[in-house]
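A.B. asks: Residue numbers (this note's numbering), protein chains in the order written: chain A, 429 to 543; chain B, 16 to 350.
Heads up, a few of these hints could be off.
Not the full set, but computed from the structure, chain B residues with beta-carbon under 7 Å of chain A [what the hints assert, rightly or not]:
#: 1; residue: R195
#: 2; residue: A197
#: 3; residue: S252
#: 4; residue: E255
#: 5; residue: D256
A few chain B residues that don't get close to chain A, going by computed Cβ distances all over 10 Å [claimed, not checked]:
#: 6; residue: Q55
#: 7; residue: M235
#: 8; residue: A242
Worth flagging that the hints you see were computed from the coordinates, not collected in a lab.
All values derive from a computational prediction rather than experimental measurement.
Every residue, glycine too, gets a C-beta built ideally from N, C-alpha and C.
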Amino acid sequence: MLIRIDETSSTPIYAQIAAAIRREIGAQNLGPGDRLPTARDLASGLGVNVHTVLRAYQDLRDEDLVDLRRRRGAIVVGDARRAAHLDALKAYVDAASRAGMSAEEAAELVKGRMK
Amino acid sequence: MTRTSASTPRSMTRAWLIVVLVPVLVAATTALVLRSWRGQLPDPVATHWGSGSTPDGFTSLADLPWLGLLALIALPAGCLPLALGGRQGFNRRFAAGFAAGMAVFLGLVVLLSVNAQRGLTDAASAAGDIDGSVALSVLAAVAAGALAAWLVPGSTADAAAALEPIPPDAPRVALAPGERAAWSKRTRSSRIAYALLGGVLALFIAMAIVSGLWLTFAAMGILLAVALATTLVFRVSVGEDGLVVRGLFGVPRFQTPLSDVAVAQTVSVDPMGEFGGWGFRIGLDGRSGVVVRKGEAIEVTRGDGQRFVVTVDDAARGAALLNTLADRHRTAASR
Numbered sequence: 429m430l431i432r433i434d435e436t437s438s439t440p441i442y443a444q445i446a447a448a449i450r451r452e453i454g455a456q457n458l459g460p461g462d463r464l465p466t467a468r469d470l471a472s473g474l475g476v477n478v479h480t481v482l483r484a485y486q487d488l489r490d491e492d493l494v495d496l497r498r499r500r501g502a503i504v505v506g507d508a509r510r511a512a513h514l515d516a517l518k519a520y521v522d523a524a525s526r527a528g529m530s531a532e533e534a535a536e537l538v539k540g541r542m543k
Numbered sequence: 016m017t018r019t020s021a022s023t024p025r026s027m028t029r030a031w032l033i034v035v036l037v038p039v040l041v042a043a044t045t046a047l048v049l050r051s052w053r054g055q056l057p058d059p060v061a062t063h064w065g066s067g068s069t070p071d072g073f074t075s076l077a078d079l080p081w082l083g084l085l086a087l088i089a090l091p092a093g094c095l096p097l098a099l100g101g102r103q104g105f106n107r108r109f110a111a112g113f114a115a116g117m118a119v120f121l122g123l124v125v126l127l128s129v130n131a132q133r134g135l136t137d138a139a140s141a142a143g144d145i146d147g148s149v150a151l152s153v154l155a156a157v158a159a160g161a162l163a164a165w166l167v168p169g170s171t172a173d174a175a176a177a178l179e180p181i182p183p184d185a186p187r188v189a190l191a192p193g194e195r196a197a198w199s200k201r202t203r204s205s206r207i208a209y210a211l212l213g214g215v216l217a218l219f220i221a222m223a224i225v226s227g228l229w230l231t232f233a234a235m236g237i238l239l240a241v242a243l244a245t246t247l248v249f250r251v252s253v254g255e256d257g258l259v260v261r262g263l264f265g266v267p268r269f270q271t272p273l274s275d276v277a278v279a280q281t282v283s284v285d286p287m288g289e290f291g292g293w294g295f296r297i298g299l300d301g302r303s304g305v306v307v308r309k310g311e312a313i314e315v316t317r318g319d320g321q322r323f324v325v326t327v328d329d330a331a332r333g334a335a336l337l338n339t340l341a342d343r344h345r346t347a348a349s350r
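Using the sequences provided together with the hints, build the complete structure.
C.D. replies: What follows is the structure in structure tokens.
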């Protein structure tokens, strides 16, 4: 996997790392069963704090893309389709909040469409 | 292209000392202990056991000390070229670990098996606990080997700075000035390696059943498992630390710092044809490498012209990023 982060961007580094891993899953460079590097190794490779990488891994776990285990590290569980859904969802949520919609309104819109 | 490291001689001295001193000390101790047991031993002594615990080989008491001595003196002779030659710290670690481990194994196995015969008048009745003796010797040898290898400094101390710029036609990743990047990938071993592993384990179990030496083969199984765990799976990373190749438990670890990268490229490797096998290897053309399967690999040329190869998928992106980061490192250093 290739992780790129932009220090000049306003997006937090941890979010950039999570997005990069999501993209790699979407592009099938990472797939279910693949092991991510340890947070310490990736942090050292990128020259960032280890907690920044851990936060990214935790976000991915909350999205069910990655399984975090104490001993065995981070293992990819989500596939490209799930990563694509999450990407599309993120774009929609961004657009909705830019448009000033509340969470309820945004959810209503989705429910209406999926009937 | 200058050598920037002063620790290479230290690594070499330690490896040299361990390779020569440990076997000689073990041989001398073994000979002295055997000598002190002289009055209590049968003549000849049982020195070889067939299946089960029946001795089928004997050595006269006078020749006994020579038996261990010859084997132990041959060890440094065999390991010295590895300990002295080559720039790779890994070679020296391996030589030191192997010499110390083998010496401890041979010395202990002789002492323990002869110890069981003290007080006997006829060595043919020497049942002894040969199984336990061998198993104990194998485990002690692994511990001694690991300690010796740990005492010899590794290869990161051997970095030689590359001073020339990275060739402009070498592959690169387009990175904006504020961007950072890291690449990481696990190597996959060939199926043949796993099939071989299964075959050897089955053989061990069969031999344990036939010979009844369960402890011995369990100890050898552990030794094999540890050896394979550190040769089958590697994590290859490219980032601020340069190119890092690490085994399953972090060892062994091979690092080429960014300052040491002259150029990285993608090559195709045939482990058997070019390196004579799998794992950590020195190739016929002088390249060193971690080669675990046939196919694409990252090849990095170091500051002193030495080349290091690691077989890994997605090698193109890894090599390109390594060039890009090395470039940047050099620009930053010259400013």
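A.B. asks: Next, verify each hint and record whether it holds.
C.D. replies: Status of each hint after checking the structure:
With its C-beta approaching chain A no nearer than about 5 Å, B/R195 sits inside the 7 Å limit, and its interface hint holds. For B/A197, the interface hint holds, the least distance from its beta-carbon to any beta-carbon of chain A being 3 Å, beneath 7 Å. Because the smallest distance between the Cβ of B/S252 and any Cβ of chain A comes to about 5 Å, under 7 Å, the interface hint for this residue holds. Satisfaction of the interface hint for B/E255 is found here, the shortest Cβ-Cβ separation to chain A being roughly 4 Å, below the 7 Å cut-off.
Given hint, B/D256 at the interface with chain A, holds; its Cβ is 6 Å from that chain's nearest Cβ, closer than 7 Å. The beta carbon of B/Q55 sits about 51 Å from the closest Cβ of chain A, which is more than 10 Å, so the claim that it is off the interface holds. With a least beta-carbon separation of about 27 Å from chain A, B/M235 lies farther than 10 Å from that chain, consistent with its non-interface assignment. Its beta-carbon lying about 22 Å from the closest one in chain A, B/A242 satisfies the requirement of being farther than 10 Å from that chain.
In terms of the numbered hints stated before, the structure departs from none.
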